[in-house]
Amino acid sequence: MKALILTPDQIRRMKVRTLENPPQMTVRLEAHEMHWQILDRAGRVVREAEQPIHNLILDQTYTSLMPTHGIIPLNQYAVVGTGSTAPNSSQTGLVSELVRTGSVPAGESDQAQFVSDGVYDIRRVKEFTEAQVGGQNLTEWGFSPSASAGANLMCRELFRDGSSNPITLTLASDQRLRLIYKMRVSIGPTVVQAVTVNIGGEGPGSRTAQFIVTNRMGGVSGGGSLDSNPIYGGISFPINSNTGDLQAAHCLIKGANGDGSGYNSLRFHIGAATGTAPTTYGHATSSFSPHLGLGSLTHAAPSGRSRQSSFLANTATFNGSIKSVCLSCNNAFNTLTPTINLVFDSGQEFTKANTHKLLIASYQITW
Numbered sequence: 001m002k003a004l005i006l007t008p009d010q011i012r013r014m015k016v017r018t019l020e021n022p023p024q025m026t027v028r029l030e031a032h033e034m035h036w037q038i039l040d041r042a043g044r045v046v047r048e049a050e051q052p053i054h055n056l057i058l059d060q061t062y063t064s065l066m067p068t069h070g071i072i073p074l075n076q077y078a079v080v081g082t083g084s085t086a087p088n089s090s091q092t093g094l095v096s097e098l099v100r101t102g103s104v105p106a107g108e109s110d111q112a113q114f115v116s117d118g119v120y121d122i123r124r125v126k127e128f129t130e131a132q133v134g135g136q137n138l139t140e141w142g143f144s145p146s147a148s149a150g151a152n153l154m155c156r157e158l159f160r161d162g163s164s165n166p167i168t169l170t171l172a173s174d175q176r177l178r179l180i181y182k183m184r185v186s187i188g189p190t191v192v193q194a195v196t197v198n199i200g201g202e203g204p205g206s207r208t209a210q211f212i213v214t215n216r217m218g219g220v221s222g223g224g225s226l227d228s229n230p231i232y233g234g235i236s237f238p239i240n241s242n243t244g245d246l247q248a249a250h251c252l253i254k255g256a257n258g259d260g261s262g263y264n265s266l267r268f269h270i271g272a273a274t275g276t277a278p279t280t281y282g283h284a285t286s287s288f289s290p291h292l293g294l295g296s297l298t299h300a301a302p303s304g305r306s307r308q309s310s311f312l313a314n315t316a317t318f319n320g321s322i323k324s325v326c327l328s329c330n331n332a333f334n335t336l337t338p339t340i341n342l343v344f345d346s347g348q349e350f351t352k353a354n355t356h357k358l359l360i361a362s363y364q365i366t367w
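Letter 143 of the sequence shown, counting from 1, is numbered 143 in our numbering, and no numbers are missing.
Nothing false has been slipped in among the hints.
Derived lysine to any residue pairs resembling SDA-like cross-links, with alpha carbons at most 25 Å apart:
(1) K182 to F114
(2) K182 to G260
(3) K182 to S306
(4) K357 to P204
(5) K357 to G203
(6) K182 to P67
(7) K182 to T168
(8) K182 to S90
(9) K182 to E50
(10) K182 to Y62
(11) K182 to F159
(12) K357 to R207
(13) K357 to A301
(14) K182 to R160
(15) K182 to Q60
(16) K357 to G275
(17) K357 to G320
(18) K357 to Q308
(19) K182 to R28
(20) K182 to S148
(21) K182 to T26
(22) K357 to F211
(23) K182 to R305
(24) K182 to P166
(25) K357 to L294
(26) K182 to Q37
(27) K182 to N165
(28) K182 to P52
(29) K357 to N198
Derived from the structure by calculation, the hints contain no laboratory data.
Put together the whole structure using the sequences plus the hints.
Written as structure tokens, this is what we have:
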């Protein structure tokens with residue numbers, strides 16, 4: 001009997017199936033609100049106003065800050081200065097930076113606030129001390145993901161009155177300044193989208209499916225070392241909270257499979273399941289089983305204002321009848337939470353065996 005000889009090309013054709021061109025996620029930013037307060041030494045507000053605000057997101061936010069930091073830390077630090085040049089989107093820093101702070105006053109907290117499906121406000125409350133701004137004449141402000149002074153702002157603006165005219169905030173030597181700022185984030189699609197997926201190679205070809213971004217984040221409860229809230233970008237995110245799409249978008253833009261440090265950081269997975277993942281935005285499923293395994297995405301370098309991510313399931317992974325493919329946000333090592341869900345229509349599922357690999361490529365997020 002002759003020996004069976006497989007060339008490298010033959011082995012590759014036998015082992016590879018390709019899941020190509022999943023639909024895109026989108027993220028949009030908006031400089032939403034800013035309120036300033038001047039406080040005396042007893043902490044009483046002596047002067048305050050709503051800041052007229054325009055779309056002041058600087059160009060570098062999209063080209064460099066978001067791919068480096070993601071979304072959530074973009075406005076973590078407040079910055080003030082004494083320059084008077086009119087703002088424009090090509091600027092990168094204040095004209096004359098005086099000081100910046102990440103300090104949150106007692107009784108306040110930085111928050112990710114749910115507004116509506118796929119819409120969040122990243123709210124910051126930052127306070128400059130008397131030593132930092134007392135006796136100063138302040139004319140400009142901004143926010144940054146960095147504690148270091150320099151050309152790293154995500155927004156810049158002048159202090160203005162109710163008619164949008166530039167003003168100077170003159171502080172006494174014993175006064176401090178508080179800035180309350182909201183950056184709005186919009187993520188989609190939050191309603192199910194009908195898509196066609198090509199499963200090439202030795203796969204069955206085109207299959208119809210549904211795609212949706214949901215707000216589900218999972219976690220571990222009932223005690224143990226994974227029972228605390230992930231904290232990153234200065235914000236605490238309760239487990240099983242309604243911020244899964246925000247955190248997934250943050251990870252995809254940053255090109256990371258999680259954020260934070262230690263046991264209670266965010267973990268971002270991809271997983272496949274034999275069942276039908278939820279196809280509604282606000283659902284209650286935080287642990288989806290049985291699943292066929294979890295994996296870590298490979299993130300490509302950003303291309304303009306987008307990034308692609310993929311996963312190669314080897315011969316030992318994702319074996320079985322695949323009905324759903326989910327991107328999962330949680331703080332557990334081995335839990336699949338259906339956060340970003342691709343669900344094959346009835347009769348459109350396909351089977352992967354341990355003689356094949358499966359390339360799932362390429363999830364794309366555009367901002």
